[in-house]
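> Using the sequences and the hints, build the whole thing.
Sequences listed follow chains A and B, in order. So in our numbering the end of the first sequence lands on 299, straight run, no missing numbers. So in our numbering the end of the second sequence lands on 456, straight run, no missing numbers.
Think of the hints as simulated: they come from the structure by calculation, not from any bench. Predicted model only: the values in this text are computed from it and were never measured. Beta carbons are placed, not taken as given, at the ideal position from N, Cα and C, and that holds for glycine. Among the clues, some could well be false.
Derived BS3-like pairs: lysine-lysine, alpha-carbon spacing no greater than 27 Å straight-line [said to hold, decoys possible]:
no., chain 1, residue 1, chain 2, residue 2
1, B, Lys-5, A, Lys-137
2, B, Lys-16, B, Lys-5
3, A, Lys-137, A, Lys-223
4, B, Lys-141, B, Lys-16
5, A, Lys-137, A, Lys-22
6, B, Lys-278, A, Lys-137
Every beta carbon over 12 Å from chain B, so not counted as near; a handful from chain A, in silico [to be verified]:
no., residue
7, Tyr-71
8, Gly-103
9, Gln-248
10, Phe-293
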Amino acid sequence: MTTAVHQAGQTMEPREFKSDLKPIWCPGCGDFGVLQALYRALSAVGRPPHEIAFVSGIGCSSRIPGYTTAYGFNSVHGRALPIAQGIKIANPDLLVLVAGGDGDGFSIGGGHLPHAVRRNLDLTYVVMDNQIYGLTKGQLSPTSHRGLQTVTSGYGSLEEPVNPLLYTLAYGAGFVAQGTPADMPGLTSVIEEAIRFPGFAFVNVQSPCVTFGEAEWQLKAHKAQMKSLAGLGHDPADRLKAMALAAQYGEELYTGVFYRNPNPAPTYDALVVERQAELRDQALPRERILDLFRKDGGR
Amino acid sequence: MANRKARPTLSPEICKGCGRCIDACAHHCIAAGTHVNPATGLVPVTLDLERCSACGLCLEACPEPYGLLPEGDEAAAEPTGQKRPPAVEDQPDTRVALPALRPLVVKGTYASAIGALLAGCRHFFGYPITPSTEGAELMAKLLPELDGHFVQAVSEVAAINMMYGCGGAGLRSLTFTSSPGFSLMLEGLSYMVGAEVPAVVVNVMRGGPGLGNIGPEQSDVKLACRGLGHGNTHAIVLAPATTQEMLDLTMLAFDLAFRYRNPVVVLADGYLGQMTGKVTLPDELVRPGLPGWAVHGDREHRPNLVSSIQLSEADLEAHNLRLIAKYERMARSEQRAELYEAADADVLLLACNTPARLAKGAVRALREAGVRAGLFRPVTLWPFPIDALRPLLRPGLRVVTVEASHGQIEDELRLALSHAGIAPPPLAHVRRYGGVLPKEEEIVSRVLGGPERGVA
Numbered sequence: 001m002t003t004a005v006h007q008a009g010q011t012m013e014p015r016e017f018k019s020d021l022k023p024i025w026c027p028g029c030g031d032f033g034v035l036q037a038l039y040r041a042l043s044a045v046g047r048p049p050h051e052i053a054f055v056s057g058i059g060c061s062s063r064i065p066g067y068t069t070a071y072g073f074n075s076v077h078g079r080a081l082p083i084a085q086g087i088k089i090a091n092p093d094l095l096v097l098v099a100g101g102d103g104d105g106f107s108i109g110g111g112h113l114p115h116a117v118r119r120n121l122d123l124t125y126v127v128m129d130n131q132i133y134g135l136t137k138g139q140l141s142p143t144s145h146r147g148l149q150t151v152t153s154g155y156g157s158l159e160e161p162v163n164p165l166l167y168t169l170a171y172g173a174g175f176v177a178q179g180t181p182a183d184m185p186g187l188t189s190v191i192e193e194a195i196r197f198p199g200f201a202f203v204n205v206q207s208p209c210v211t212f213g214e215a216e217w218q219l220k221a222h223k224a225q226m227k228s229l230a231g232l233g234h235d236p237a238d239r240l241k242a243m244a245l246a247a248q249y250g251e252e253l254y255t256g257v258f259y260r261n262p263n264p265a266p267t268y269d270a271l272v273v274e275r276q277a278e279l280r281d282q283a284l285p286r287e288r289i290l291d292l293f294r295k296d297g298g299r
Numbered sequence: 001m002a003n004r005k006a007r008p009t010l011s012p013e014i015c016k017g018c019g020r021c022i023d024a025c026a027h028h029c030i031a032a033g034t035h036v037n038p039a040t041g042l043v044p045v046t047l048d049l050e051r052c053s054a055c056g057l058c059l060e061a062c063p064e065p066y067g068l069l070p071e072g073d074e075a076a077a078e079p080t081g082q083k084r085p086p087a088v089e090d091q092p093d094t095r096v097a098l099p100a101l102r103p104l105v106v107k108g109t110y111a112s113a114i115g116a117l118l119a120g121c122r123h124f125f126g127y128p129i130t131p132s133t134e135g136a137e138l139m140a141k142l143l144p145e146l147d148g149h150f151v152q153a154v155s156e157v158a159a160i161n162m163m164y165g166c167g168g169a170g171l172r173s174l175t176f177t178s179s180p181g182f183s184l185m186l187e188g189l190s191y192m193v194g195a196e197v198p199a200v201v202v203n204v205m206r207g208g209p210g211l212g213n214i215g216p217e218q219s220d221v222k223l224a225c226r227g228l229g230h231g232n233t234h235a236i237v238l239a240p241a242t243t244q245e246m247l248d249l250t251m252l253a254f255d256l257a258f259r260y261r262n263p264v265v266v267l268a269d270g271y272l273g274q275m276t277g278k279v280t281l282p283d284e285l286v287r288p289g290l291p292g293w294a295v296h297g298d299r300e301h302r303p304n305l306v307s308s309i310q311l312s313e314a315d316l317e318a319h320n321l322r323l324i325a326k327y328e329r330m331a332r333s334e335q336r337a338e339l340y341e342a343a344d345a346d347v348l349l350l351a352c353n354t355p356a357r358l359a360k361g362a363v364r365a366l367r368e369a370g371v372r373a374g375l376f377r378p379v380t381l382w383p384f385p386i387d388a389l390r391p392l393l394r395p396g397l398r399v400v401t402v403e404a405s406h407g408q409i410e411d412e413l414r415l416a417l418s419h420a421g422i423a424p425p426p427l428a429h430v431r432r433y434g435g436v437l438p439k440e441e442e443i444v445s446r447v448l449g450g451p452e453r454g455v456a
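Printed below as a string of structure tokens:
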């Protein structure tokens with residue numbers, strides 16, 4: 001990195017990523033764990049805060065950039081990914097993190113996700129998936145299971161939830177993982193791996209809502225039910241197996257890396273630089289670039 | 001009919017120009033069209049039957065039941081209504097008397113939802129956004145019990161387009177939203193104005209711009225009155241000031257939406273949405289009929305078309321002229337205002353929504369202090385109730401606009417005066433922003449010559 005002030009070998013402490021702002025999440029919110037895991041993962045990656053941009057949408061979980069010392073952008077509901085892409089394209093040397101909730105990412109922002117994946121900028125997208133709209137006080141979310149009773153589905157939801165893991169795999173993401181604050185070392189490690197992955201990396205975090213979420217689906221239940229993919233002997237290079245496992249979203253709580261492309265595709269940022277270099281050789285001299293629009297082509 | 005051997009005749013108002021018949025014809029009698037059909041905006045095929053062998057293959061290929069008809073059938077079809085049924089009559093609304101009921105004590109969004117239900121609305125599409133969500137929640141609770149439909153859409157963009165679809169079928173649909181969500185709905189509203197599809201949007205305005213906050217503001221007046229998406233759009237904008245009006249004006253909104261085939265915006269503010277008040281129920285509820293223009297998905301309504309596309313410039317200009325004439329009818333007939341102590345006023349406060357309540361308090365305080373103050377409260381912000389204001393504008397009158405926005409309501413006043421050719425009286429204002437409302441004492445002090453509140 002040409003802009004790095006940070007010296008190689010210099011270490012960053014997790015507390016150096018912690019801002020002075022005190023989180024206003026409800027006591028017991030899963031997002032506290034995600035924040036801690038982020039501090040640790042960023043410490044392990046070692047990039048200093050001024051080289052990191054942290055973008056979020058709107059929702060409880062989207063407050064997270066404010067609790068870090070990185071550049072933060074608590075942006076527009078559902079538009080975190082387009083904004084993050086703009087930031088990364090404008091400043092490719094930045095480490096760009098994107099975070100938000102399931103409503104932000106899969107409902108109002110759901111249309112942006114496939115295109116962020118296939119454009120394959122080097123972004124890390126962490127979704128805190130709690131299957132509910134917490135900030136607006138407990139409405140149905142796109143990951144709410146069929147039958148869930150909420151204030152907008154008093155008689156039970158009639159809709160199937162989206163499957164964020166299977167969708168992102170199908171969209172072609174090179175890195176797809178899941179974690180839960182019930183397993184802090186595991187969560188820290190998947191976030192760190194996602195940041196290190198060259199290309200679009202997606203981490204779905206099962207982060208329970210303590211106020212509006214289901215009482216029986218909180219961290220204690222996660223702890224009892226989570227299954228480590230590594231422990232099951234899953235090979236993260238096997239995309240089809242990853243999809244079969246991801247298809248059990250909502251039934252099984254798998255943690256760890258579902259899929260990591262062993263031969264990551266070139267990122268959009270890298271391809272742009274490559275193309276610019278190619279075209280530079282063939283281009284007209286800069287002072288003659290307007291000749292393209294002259295009748296004789298400038299000859 | 002398609003298996004009979006017959007030469008085809010074309011129904012240009014039904015043919016969509018898909019070209020299946022072109023491929024089916026062995027004698028190249030059918031060609032892709034080059035002219036837009038003004039009634040449909042589509043390009044029907046053209047027939048040249050000199051070499052036609054009446055094989056009937058084109059009739060089989062046509063996916064439209066009445067796109068290509070066997071020769072001779074089109075005349076037979078006409079009287080039975082198969083090809084071009086006669087224009088469908090409106091099925092009128094009916095009103096059913098309600099027994100006298102005890103008043104309710106409910107919050108504003110609930111009152112509005114109840115008003116919609118009493119107006120016969122059984123379709124709700126929305127997306128959660130504070131401070132409007134409780135209205136949606138009540139609809140979610142009540143609609144399933146009333147054979148209705150509640151959908152929590154994936155976004156405001158989806159919600160307004162669901163309303164476009166539902167309204168196109170001639171049904172009554174409602175949404176609750178708040179300022180950022182209203183911004184997202186503007187594209188859909190432009191299409192609905194263009195296609196003349198009715199719907200009611202209740203916007204519980206909150207602080208802006210951007211994400212802002214969830215306090216009350218009136219800063220969507222400009223959007224609702226002047227900026228409903230692209231194109232020459234207008235919609236009637238109703239501004240309630242009480243919980244009772246949240247119900248009454250939502251009911252009225254459906255009536256107006258269907259009378260003019262146009263969306264109607266109910267502009268409330270964060271306080272009105274959340275505030276609890278006493279609400280008296282009306283004497284009757286509405287059982288909606290079905291407008292004749294509806295694309296209702298049945299045989300009778302088959303020839304109807306709901307569309308906002310007009311590819312020919314002349315057609316689109318004619319369509320605009322028709323819409324503009326409609327806006328003028330609205331402007332003539334639908335102005336509404338409330339006057340309080342206005343007849344002899346030397347100082348007229350102009351305010352709507354919750355600030356109108358504070359202005360009313362200020363009028364009382366000013367009267368006690370010996371100032372002849374009055375309140376002019378537009379109930380319709382568009383059209384602006386200039387006809388009610390005009391007789392009050394005698395020489396010496398001062399107008400003080402009280403609003404929670406940067407002059408958006410004063411701008412409506414100035415435009416209305418200008419369009420009416422009236423020289424504006426001396427104007428002053430009390431403005432607050434960001435979820436703060438003008439205080440009563442602030443209004444009083446301004447009227448008594450106090451300074452305008454500025455940036456410290």
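> Evaluate each hint against the coordinates.
Hint check results:
With a CA separation close to 66 Å, the supplied pair B:Lys-5 and A:Lys-137 exceeds the 27 Å bound. Taking the CA atoms of B:Lys-16 and B:Lys-5, the gap is near 23 Å; set against the 27 Å cutoff, the hint holds. At most 27 Å may separate the alpha-carbon atoms for a hinted pair to count; A:Lys-137 and A:Lys-223 meet this at roughly 26 Å. Among the hinted pairs, B:Lys-141 with B:Lys-16 is inconsistent with the structure: their alpha-carbon atoms are about 42 Å apart, more than 27 Å.
A distance of roughly 21 Å separates the Cα atoms of A:Lys-137 and A:Lys-22; the hinted pair therefore holds under the 27 Å criterion. At roughly 25 Å between alpha-carbon atoms, B:Lys-278 and A:Lys-137 fall within 27 Å of each other, so this suggested pair holds. Distance to chain B confirms A:Tyr-71 as a non-interface residue, since its nearest Cβ pair spans about 18 Å, more than 12 Å. With a least CB separation of 8 Å from chain B, A:Gly-103 falls inside the 12 Å interface cut-off, contrary to its annotation.
At roughly 24 Å from the closest C-beta of chain B, the C-beta of A:Gln-248 stays outside 12 Å, upholding its exclusion from the interface. No Cβ of chain B approaches the Cβ of A:Phe-293 within 12 Å, the least distance being about 29 Å, so the stated non-interface status holds.
Checked against the numbered hints above, the structure violates hints 1, 4 and 8; every other hint is satisfied.
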